Amino acid sequence: MRKLRTAGAAAATAAALALTVAACSSDEGSGDTGTSTQGATTIDVWLMRDSISDDFQKEFVAGFEKAHPDVTVDVQVQEWDGIGQKIISALASDDAPDVIEVGNTQVAQYGASGGLADLTDKVSDLGGSSWIPGLAEPGNIDGKQYGIPYYAANRVVLYNKDLFTKAGITTPPKTRDEWLKDTKALDTGGNQGIYLAGQNWYTYAGFLWDEGGDLATNDGDTWKGGLDTPAAAAAMDFYGTLQKLGKGPQDADEQHPPQIDVFATGKVAQMIATPGAATQVTAANAAMADKIGFFPIPGKTADQPGAVFTGGSDLVIPTAAAHPDQAYTFIKELTGDEWQKKLAVAMSYVPNKTTLAGVLADDPGAAAMAVGAANGHATPNSPNWAAVEANNPVKNYMTQVLTGADPAAAGTTASDAITKTLNASS
Amino acid sequence: MGGAVSPASHDPLLPEGRSPRTAPTTGAGAGTPAPVRRTRANPWPYVLVAPAVVAIGLVLGYPVVRNVVMSFQDYGLRELIRGGASFVGLDNYAELLTDGTFWGVVVRTLAFTAIDVVLIMVLSTLVALMINALGRVLRFGVMAGLVVVWATPIIAATTIWQWLFQSERGVVNATLVALGLDRFDGYSWLAHGPAAFAMLVLLIVWQSVPFAALTLYAGLTTVPHELFEAARIDGASGFRLFRSVTFPILRPLFGLITSLEVIWVFKAFAQIWAVTQGGPDDATTTLPVYAYQVAQSLHRYGLSGAISVVTVVMLTLLLLVYFRQTLRQEGDR
Amino acid sequence: MTTDTVPTFVAGPAGPGAATTAGRRRRRLRPGRVALGAAAVVTILASVFPVYWMVRTALEPTRDLQAGSVTPWPRALTLDHFRTALAADGFWAFWRNSLFVTLGSVLVALVVAALAAFAVARLRWRGRGVFVLVVFAAQMAPWEALLIPMYIVVRDVGMLDRLVTLLVIYTVVTLPFTILTIRGFLDAIPVELEEAARVDGCSRATAFRRIVFPLLAPGLLSTSLFGFITAWNEFAFANTLLIKNQDSRTLPVWLSSFNNVFGTDWGATMAASTLFMLPVLLVFVVLQNRVTGGLTAGAVKG
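Residue numbers (full-length UniProt numbering), protein chains in the order written: chain F, 1 to 426; chain B, 1 to 333; chain P, 1 to 302.
Honestly, the hints are just simulated from the structure, not real lab data.
Check each hint, because a few of them may be wrong.
[Stated by the list, open to error] No more than 20 Å apart at the CA atoms, straight line, and that leaves these computed lysine to aspartate or glutamate pairs for EDC-like: (1) F:Lys66 - F:Asp325; (2) F:Lys244 - B:Glu229; (3) F:Lys420 - B:Glu95; (4) F:Lys420 - B:Asp182; (5) F:Lys247 - B:Glu95; (6) F:Lys86 - F:Asp70; (7) P:Lys244 - F:Asp95; (8) P:Lys244 - F:Asp74; (9) P:Lys244 - F:Asp94; (10) F:Lys244 - B:Glu168; (11) F:Lys244 - B:Glu95; (12) P:Lys244 - F:Asp81; (13) F:Lys341 - F:Asp325; (14) F:Lys342 - F:Asp363; (15) F:Lys420 - B:Asp234; (16) F:Lys300 - F:Asp221; (17) F:Lys332 - F:Asp162; (18) F:Lys66 - F:Asp55; (19) F:Lys224 - F:Asp214; (20) F:Lys247 - B:Asp182; (21) F:Lys247 - B:Asp99; (22) F:Lys244 - F:Glu178; (23) F:Lys332 - F:Glu79; (24) F:Lys66 - F:Asp237; (25) P:Lys244 - F:Glu211; (26) F:Lys267 - B:Asp182; (27) F:Lys420 - B:Glu226; (28) P:Lys244 - F:Asp50; (29) F:Lys267 - P:Asp64; (30) F:Lys244 - F:Asp325; (31) F:Lys166 - F:Glu178; (32) F:Lys247 - P:Asp156; (33) F:Lys224 - B:Asp91; (34) F:Lys86 - P:Asp156.
[Stated by the list, open to error] Chain B regions said to be covered by chain F (calculated; three or more residues, Cβ under 8 Å): (35) 58-68; (36) 78-85; (37) 190-200; (38) 262-272.
Keep in mind it's a predicted model, so treat the numbers as computed, not measured.
Where is the CB? At the ideal position from N, CA and C, for every residue including glycine.
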């Protein structure tokens with residue numbers, strides 16, 4: 001008996017030894033385990049396509065790695081297509097990336113699911129009191145801060161200065177009427193007055209807010225879709241009029257095909273995008289470098305700019321992240337004042353703190369954006385909103401109406417779909 | 001069923017019996033009929049099927065069971081990420097069966113399947129009969145054409161379809177406009193429910209006809225020539241010839257192909273997902289697409305599981321006739 | 001799943017007398033013949049046109065593609081689109097991934113299925129009937145309905161984003177069909193042939209190698225054709241199970257998102273589609289001949 005027990009203990013010791021050896025060798029092999037202090041830790045970071053330029057990414061990563069020699073950064077650029085599914089898959093796996101950039105309308109969903117690290121006690125360390133609300137609020141669910149504000153942007157009109165000059169337009173339009181008149185004048189020959197994809201729903205949402213409507217409204221605890229209202233029909237009517245002054249597809253969004261490429265051909269007088277798109281247009285066609293101008297989306301009257309969706313991204317750390325500490329260091333650096341200033345200038349973004357707004361004073365794109373930002377809005381604040389976007393009834397509604405369907409009927413269908421999804425228990 | 005007794009002609013150890021003369025356990029000497037043996041003691045058959053059984057059990061059986069279990073759970077995003085799903089009895093099924101959207105999807109799926117299968121079967125039969133009647137050159141041409149279609153990967157076909165039906169530069173719109181149908185100038189097929197539906201029907205029919213037609217043609221060639229002659233002497237021709245001679249002989253083959261097409265169309269996912277993702281406005285959302293949407297956009301995995309179960313049940317009911325026939329044939333073996 | 005493509009297995013019994021009927025009849029009905037010929041031409045056009053249009057688009061310069069009008073044939077020829085497609089990010093990696101899962105699953109399925117098929121066709125054992133029924137049922141399995149449970153199961157065992165997961169799934173998808181087909185081919189080879197050979201003095205192994213295997217080989221080939229196409233084509237599982245790791249995507253998933261890769265460059269998209277289709281067409285051309293030849297050769301009964 002005694003002998004047996006000894007043998008058992010010996011076996012257990014041997015097994016433990018084997019495990020230790022295995023652990024050591026894997027440590028050496030990959031240099032990828034979080035607890036290891038010798039050798040660099042690699043953190044995986046997911047950033048979205050086109051959210052920052054290649055140059056800025058390289059500059060930041062080089063700077064970060066220099067300041068933190070023990071951390072190597074592996075940035076993977078993700079496509080917007082199917083990103084929700086991808087992030088969920090990552091959150092649900094045991095090897096999630098360490099940092100993920102998440103669109104501000106999507107954070108609530110992931111936060112509510114329990115897949116994100118709660119960063120509430122880091123807020124003051126990050127200077128959270130001056131974060132811009134459009135990014136901080138969506139990152140906060142039930143009093144817990146999951147998303148750290150990264151950058152914000154809202155849409156403006158990018159225009160081709162050459163084509164404007166050719167059409168004799170010297171000052172950009174200030175009201176919708178002027179805008180339509182100018183666009184009509186620009187829509188001649190081989191040129192398009194405006195390239196507006198039929199499913200550019202953030203732009204449509206702006207028009208809808210201009211009419212006093214909303215995508216969905218909340219009375220107490222139930223949601224109701226807002227596309228069956230006269231405001232929605234009026235907004236769609238304007239959208240349709242504008243859309244027809246160019247060759248934007250009625251059945252696709254601005255990514256299919258990428259409107260930046262279309263605008264870069266130089267035959268499109270205007271498109272609606274964030275000012276940062278100018279960099280990409282120039283990257284696609286260097287000849288466009290000095291030809292891009294910006295103006296705020298015109299409102300119904302000259303005294304108020306058009307309403308815009310406050311877009312942007314937050315950074316999050318998955319609970320399944322292997323290196324949460326290094327991930328936090330990364331986030332702190334990227335959302336800190338120094339890099340935020342550089343990012344704002346490089347990409348024409350609104351920085352994540354109100355105190356930094358001054359850095360954009362000299363940037364024409366940012367100036368136009370700032371005018372619009374005064375009339376900024378958000379999508380319905382519900383964890384289920386991301387599910388609405390995933391199978392977007394708004395896009396469908398737009399295409400239906402643009403191709404001749406009755407706005408009231410299409411609006412009712414879309415509203416019902418929104419109502420149903422927002423009220424579903426998740 | 002063979003029972004426990006092995007017929008003399010079947011040697012259970014053929015592949016292993018590389019040198020049967022030195023392997024007396026295999027019993028049969030060259031030329032002598034094998035003695036009657038009890039196979040119960042013979043482990044070889046079980047060893048041989050073991051890998052297949054394990055693979056099918058783990059990769060097909062387990063997910064099926066898991067799916068059924070999940071369909072009784074409240075399994076959402078939180079459960080996916082944190083685990084710990086709770087059982088909710090028949091809630092998912094109750095929700096599903098009282099939901100108008102679901103029934104709309106069911107009806108659409110049945111209509112989609114019916115339209116496709118009827119078109120496929122009619123066209124394939126016509127093509128098969130045509131091949132059978134053609135001379136050598138044209139027959140080769142038609143068969144080569146069908147093989148090319150057959151060899152076109154599904155996702156290649158979906159990209160081709162999207163290009164053919166492009167609103168601005170697509171050849172379909174260009175042709176229709178050239179034929180005088182001006183309303184197709186810049187017509188967006190993906191924006192109109194019925195148009196998108198029709199486009200997918202065309203795609204599926206185009207992809208499915210080759211298999212059905214070539215198989216039916218292979219069947220036709222087995223019909224004894226004399227039968228046709230006899231029927232022709234009796235004055236039968238054309239459609240009557242088909243109805244009274246060809247069809248009865250090939251009935252099992254027609255049954256098999258129809259069943260296969262029903263399965264394939266009913267569960268078609270890749271084509272629909274790659275071209276329309278179920279849109280516009282759910283006009284092309286069939287059951288597999290719906291189950292996928294419910295899971296991947298609404299994150300209601302339990303409900304999606306219930307949809308899958310219902311899909312399988314419906315498909316089984318649809319094919320019960322064919323299953324029974326197969327079982328009977330299997331019993332005869 | 002992608003089972004639209006099944007080799008001419010049902011043509012197995014069609015072998016005998018295949019060439020004897022149609023060709024020999026001579027009918028003099030002129031209008032009938034003309035109508036028939038016309039129908040044949042229409043059929044050929046309807047089948048081949050989409051594929052032709054793909055190749056045509058892939059060969060026409062962008063400048064012509066963007067010119068407002070559409071012509072039946074290209075106005076000029078170029079290989080630029082193929083260059084664009086080949087140079088696209090990761091194209092070769094996706095190609096390798098597809099080849100790996102396809103060949104891997106075909107080989108594994110053939111081996112596993114051949115063993116089982118042999119047990120079913122040549123041996124008598126208790127449970128054989130049940131096994132065959134299970135295989136039949138598995139062949140009918142609506143795999144698309146299992147996307148989500150499969151996703152969850154695969155995630156639970158930590159096998160998401162791995163090509164080998166796809167390889168295993170494709171193997172099992174094709175397995176039932178492969179078992180049944182090989183069993184059918186084995187059934188069609190009369191045991192008397194082996195016995196006759198053994199009467200002639202062959203050992204059992206020689207009889208199998210010389211008589212059974214040559215007759216079975218075309219069956220194995222045609223079955224592998226099915227597996228090849230299923231795995232090469234498969235989209236739904238590849239799209240659901242390879243999510244994070246974009247480098248391990250397969251060609252169908254990559255091609256389905258051509259909008260991200262090529263934007264509105266339809267020339268490049270069609271070139272990529274052509275490149276994607278080419279291997280299948282090649283396999284078809286090579287194997288189809290051998291299969292039909294094998295079937296005719298296999299018609300020993302007739």
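These are the hints, each one checked on the structure:
Proximity of F:Lys66 to F:Asp325 is assessed by CA-CA distance (about 17 Å); at most 20 Å being required, the pair is judged to hold. Between F:Lys244 and B:Glu229 the alpha-carbon distance is near 66 Å, which puts this suggested pair outside the 20 Å criterion. At most 20 Å may separate the alpha-carbon atoms for a hinted pair to count; F:Lys420 and B:Glu95 meet this at roughly 13 Å. For the hint linking F:Lys420 to B:Asp182, the alpha-carbon distance of about 39 Å lies beyond 20 Å, and the restraint is violated.
As the CA atoms of F:Lys247 and B:Glu95 are separated by approximately 44 Å, the hinted pair breaks the 20 Å bound. Under the criterion of a C-alpha separation no larger than 20 Å, the hint pairing F:Lys86 with F:Asp70 is inconsistent with the structure, at around 29 Å. Proximity of P:Lys244 to F:Asp95 is assessed by CA-CA distance (about 10 Å); at most 20 Å being required, the pair is judged to hold. Between the alpha carbons of P:Lys244 and F:Asp74 the distance comes to roughly 14 Å, so the proposed pair stays at or under 20 Å and holds.
Note on P:Lys244 and F:Asp94: the hinted pairing holds, with a Cα-Cα distance of about 12 Å set against a maximum of 20 Å. Between F:Lys244 and B:Glu168 the CA atoms are separated by roughly 14 Å; this keeps the pair inside 20 Å, and the hint holds. A hinted pair counts as satisfied when its Cα atoms are at most 20 Å apart, and F:Lys244 with B:Glu95 does not qualify at roughly 42 Å. Distance check on the hinted pair: P:Lys244 and F:Asp81 sit about 13 Å apart at the alpha-carbon level, within 20 Å; holds.
Between F:Lys341 and F:Asp325 the CA atoms are separated by roughly 24 Å; this puts the pair beyond 20 Å, and the hint is violated. Distance check on the hinted pair: F:Lys342 and F:Asp363 sit about 13 Å apart at the alpha-carbon level, within 20 Å; holds. Among the hinted pairs, F:Lys420 with B:Asp234 is inconsistent with the structure: their alpha-carbon atoms are about 66 Å apart, more than 20 Å. Taking the CA atoms of F:Lys300 and F:Asp221, the gap is about 33 Å. The hint is violated against a cut of 20 Å.
Annotation: proposed proximity of F:Lys332 to F:Asp162 is violated, straight-line Cα distance about 42 Å (limit 20 Å). Only pairs whose Cα atoms come within 20 Å are accepted, and F:Lys66 paired with F:Asp55 is accepted, the gap being roughly 17 Å. For the proposed pair F:Lys224 and F:Asp214, the alpha carbon gap of about 10 Å is at most 20 Å, so the pair holds. Between F:Lys247 and B:Asp182, the direct Cα distance comes to roughly 18 Å. Compliance with the 20 Å bound is thereby established for this hinted pair.
Between F:Lys247 and B:Asp99 the CA atoms are separated by roughly 40 Å; this puts the pair beyond 20 Å, and the hint is violated. Restraint check for F:Lys244 and F:Glu178: the C-alpha separation of about 16 Å stays at or below 20 Å, so the hint holds. For a cut-off of 20 Å, the pair hint linking F:Lys332 to F:Glu79 is broken: about 24 Å separates their Cα positions. At roughly 54 Å between alpha-carbon atoms, F:Lys66 and F:Asp237 are farther apart than 20 Å, so this suggested pair is violated.
Restraint check for P:Lys244 and F:Glu211: the C-alpha separation of about 41 Å exceeds 20 Å, so the hint is violated. Of the pairs offered as hints, the one joining F:Lys267 and B:Asp182 is violated, with about 26 Å between alpha carbons and a cut-off of 20 Å exceeded. Taking the CA atoms of F:Lys420 and B:Glu226, the gap is near 65 Å; set against the 20 Å cutoff, the hint is violated. In summary, the hint linking P:Lys244 to F:Asp50 is supported, as the alpha carbons are separated by about 18 Å, within the 20 Å threshold.
For the given pair, F:Lys267 sits about 18 Å from P:Asp64 by alpha-carbon distance, which is consistent with the 20 Å threshold. Of the supplied pair hints, the one linking F:Lys244 and F:Asp325 is violated, its CA atoms being roughly 52 Å apart against a limit of 20 Å. A threshold of 20 Å between alpha carbons decides the hint, and for F:Lys166 with F:Glu178 the separation of about 17 Å falls inside it, so the pair holds. Taking the CA atoms of F:Lys247 and P:Asp156, the gap is near 47 Å; set against the 20 Å cutoff, the hint is violated.
Taken as a hint, the F:Lys224 and B:Asp91 pair is broken in the structure, with Cα atoms around 24 Å apart against an allowance of 20 Å. Distance hint between F:Lys86 and P:Asp156 is fulfilled; the C-alpha atoms sit about 16 Å from each other, no more than 20 Å. With 0 residues carrying a beta carbon less than 8 Å from a beta carbon of chain F, the region 58-68 of chain B misses the three-residue requirement, and the given coverage is violated. Figure legend: the region 78-85 of chain B, annotated as covered by chain F; annotation consistent (4 residues with Cβ-Cβ distances under 8 Å, at least 3 required).
Counting residues of the region 190-200 of chain B whose beta carbon lies closer than 8 Å to any beta carbon of chain F gives 3, which reaches the threshold of three, so the coverage claim holds. Counting residues of the region 262-272 of chain B whose beta carbon lies closer than 8 Å to any beta carbon of chain F gives 0, which falls short of the minimum of three for the stated coverage.
Of the numbered hints stated above, those contradicted by the structure are hints 2, 4, 5, 6, 11, 13, 15, 16, 17, 21, 23, 24, 25, 26, 27, 30, 32, 33, 35, 38, listed in ascending order.
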